[in-house]
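From first to last, the protein sequence lines are chains C and Z. Per numbering that gives the first Met the number 0: the first sequence = residues 0 to 504. Per numbering that gives the first Met the number 0: the second sequence = residues 0 to 504.
If you're looking for bench data, these hints aren't it; they were derived computationally from the structure. Among these hints, one or two may not hold up.
One copy or any two copies: either way a pair holds, since identical chains are not told apart in the list.
[Said to hold, decoys possible] Pairs of lysine-lysine residues, derived as DSSO-like cross-links and limited to a Cα-Cα distance of at most 27 Å, are as follows:
| hint | residue 1 | residue 2 |
| --- | --- | --- |
| 1 | Lys451 | Lys20 |
| 2 | Lys99 | Lys55 |
| 3 | Lys280 | Lys201 |
| 4 | Lys99 | Lys201 |
| 5 | Lys244 | Lys18 |
Number of protein chains: 2
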Amino acid sequence: MPPHATSFPSLGPAKLSIKTKQHCLNVKQLMGQETGIIYLRGALNILRDDTDVEIKFRQESNFFYLTGVNEPDFQFVFDFASHVSYLIAPYIPEAERMWKGEPDTVEEMLQKYNVDQIVYEDDLARLIEAINPSSVFVLDTTDTTPISKVVPMDKIDICMLKPAMYESRLLKFPWEIQLIRKVTHLSSHAHITLMREVQFGKNESELQALFEWECARNGANYQSYLPIVASGKHAATLHYTHNNKWLNRKDNPDMLLLVDAGGEKNCYGTDITRTYPVSGKFSAEAKTIYNIVLKMQQVCEASKAVLDRLRPGTMWTEMQNLVIRVLCQELIRIGILVGDQEEILKLGLTRAFYFHGLGHSVGLDVHDVGGSVVPHLCYVNDLDRLIYVTSLYYSRKAGVFNCLGDEEDNVARSHFLLDRPLEANMIITVEPGLYFNDVSLKAWTGFPELQKYFNLELLQKYRKVGGVRIEDTVLITENGYENLTIAPKTVDDIEALMAATHPRN
Amino acid sequence: MPPHATSFPSLGPAKLSIKTKQHCLNVKQLMGQETGIIYLRGALNILRDDTDVEIKFRQESNFFYLTGVNEPDFQFVFDFASHVSYLIAPYIPEAERMWKGEPDTVEEMLQKYNVDQIVYEDDLARLIEAINPSSVFVLDTTDTTPISKVVPMDKIDICMLKPAMYESRLLKFPWEIQLIRKVTHLSSHAHITLMREVQFGKNESELQALFEWECARNGANYQSYLPIVASGKHAATLHYTHNNKWLNRKDNPDMLLLVDAGGEKNCYGTDITRTYPVSGKFSAEAKTIYNIVLKMQQVCEASKAVLDRLRPGTMWTEMQNLVIRVLCQELIRIGILVGDQEEILKLGLTRAFYFHGLGHSVGLDVHDVGGSVVPHLCYVNDLDRLIYVTSLYYSRKAGVFNCLGDEEDNVARSHFLLDRPLEANMIITVEPGLYFNDVSLKAWTGFPELQKYFNLELLQKYRKVGGVRIEDTVLITENGYENLTIAPKTVDDIEALMAATHPRN
């Protein structure tokens, strides 16, 4: 069956209708400043190493947020006093136009972007002199080379802009919601296509390529992050991106495939994970584990679903604790964990199987402002430390600690979904998981004092399930939530969908 | 008709069988040094801007050439005296293994790569101390931070390695030829798929996505360069990579589509261009222009085809001059250029329509060592200067002038295909073109003294053809050449191929 037989209506590149001026005004208001300017420099074209091969261009997210410009070499100024936004365009020499084409004219740029004035780069100095700003607010990562030639360094503030920018980006405007809804729908469709097309004998890389093609032909030419297409035990490796294994029936006829992937369109992305059997039919063990994860997402104690509790005011930490409690109950119920529930919870033994956060904000970046990693903050042993350091490692790579001082202290501060209630117009993931990760299990079951809590024989039986994650991208609304993800996720729905292309022997 | 109905046999990721040790020995021989070591640092994982989004990893080409390693954070040492090659592997902490998976063991690396010893990064200093090299040869672009901690700076030579490396990379080994042949075949297949699938109403971006999918599902998960999918007049923009226009029949029912794209597999790429009518049928004007370009490639004066003259010993400059002569004859024949052929050639007026080189080397980089740009080296007027500067601009971006001194002098030196004969085992492109580029034509026809040579009315008639380029990647053999490109390119063959999916009204 051809991958595009179940075609999603072709969208093509959408016309931008992002009111970036509104973003500027919002940031200004959050900063509480009446004068000064924002200055940002957009991403440049990058060549690979010592070659002339261009890297596919992707605008820096904050620059896109304020300008909507997805072309290289632009700069931007927003004047707080006059509310005038200036897009500073690069000058493209004649010789380059022969090779790269005519750039947009001033009129075309004014029509295309939600800015007030176009200025060419040679006039940046004159513009800044004319405005004569009291302060220049930049991000701590902004290249200030051009602006620092015109403005004394003591006028440049690298601290105030970022928190306001992040706060603004956390609560989405209607046009942002519409973009993310669209890209989540088309990415859901790509997940459905993979469910139909997966077969033993294929390679993970081909499925990744199919996912990207399904997104691209529906208008999402970028991926929000490197896709994870992980079969069998690789599903337990959280950031597995090798995607190069063959799906071999002989290795494991009950093999699960975990696909964590989302398209990106106009710089706005999504984040979705589905896990399903390559054969089209869950084994008994796989179904047990899968339904635990589904329960973690859907049906919690006292019939209170996590998803049903998503609404403004809900504390995310509460949700995380709830999910861990469900996981604990279920692992005791099926016998992998043995002992008193409260004792096991206190020891944090569930973290042998589930060692990441319940979710994060999604937007211009997949781990959007508001929390790229949600670490568990209490430590009882070495593995906690190990998990903590892991989180920290990734957070540091993400640069979230810049100019904030002590790192330990900032893990919490940088992931404030932990200490503030949900609000309408947040877009977040809900992504419980359960993994049989070799490194983690070896560490946990290696502590002699903890071994009595694990049924090692039963653990061995479930180990071949590999790992399960179910991840939806959802919008918090005034009265609850809208699940933007429309790919099936119950065992029955998945098996029904796969039945047509996976006849039972 | 589904894009993959004409399926190419699925290849999947190939096992590496690149004898990189041979590459090291060859580089050593070309350097003529008996002692010292080569030190290279491979590419690192890169995160996008101030986020934790990983950029798709691509090894630095020279590092891949000597090691075959396509993973981040490796280093490499080759000892000239003992001929022992050392792969320096990164140490992956336990915490990271939970997230990224277990790295290869020493045994696995020794099996996977053609190296003699594996050393972990902490042992680099001890290794270098043990070897105690007289010189450390690095590329001028190598990050020497790790090695310079162990070796005094005056032992580090940044000049000798590069020329030898480039010379070695220019003449391909059998396993390299096999990789490029394979990727050229599967990319040719992807071009054929696009010919079948192109239709009015589609967007250039969808066709790009289809090309990438066709490559990826046949095992080439990378593109050798950003694809150019250029409809109508955009075909005249040489490095058009926006690829976002709709193919609108109302704009131009005779619209041509130029697709310049090639897959990449195991870091080896290819470079192919095909140009064809969206409708499936060439208009009279399009056919005229197309056949001129085909003649430039195939059937030159006195029945001497360029392709037929490709063999060891042939001077590339001779080929370029031949092609320009054919172009001149043909443009006079159809009446766009008016006047005496020798006079027109002397004035270089063909460059109004054809302003790039006839070809370049292909390998680990698409514009491989041996010439990324082949500029015309004689200047008669401002536009020559403009073209020259353009070439220079792109060359400079490619970094080919590093530590070589005067730029003007080096345009020729850096593109030595111009001053040396072809040799067996070179892989090069042959890519004549003919373009109606607004910037170029405006410049050329703007010189009052040149206007008499142009039939402006006729020029107007042909202008809507946009541009045509036909580009094959070919291997120079002992006795001639092998065209690795297998996509059709005559008008008849293209129309026959497209007929099934483009019925005539």
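How the hints compare with the structure:
1. Lys451 to Lys20: neither (60 Å within a copy, 52 Å between copies)
2. Lys99 to Lys55: Result: close both inside a copy and across copies, 14 Å intra and 25 Å inter.
3. Lys280 to Lys201: The answer is within: 17 Å in one copy meets 27 Å, while 37 Å across copies does not.
4. Lys99 to Lys201: For Lys99 and Lys201, the Cα distance is within 27 Å only across copies (23 Å; inside one copy 39 Å).
5. Lys244 to Lys18: between (44 Å within a copy, 23 Å between copies)
The structure fails hint 1 only (numbered hints given earlier).
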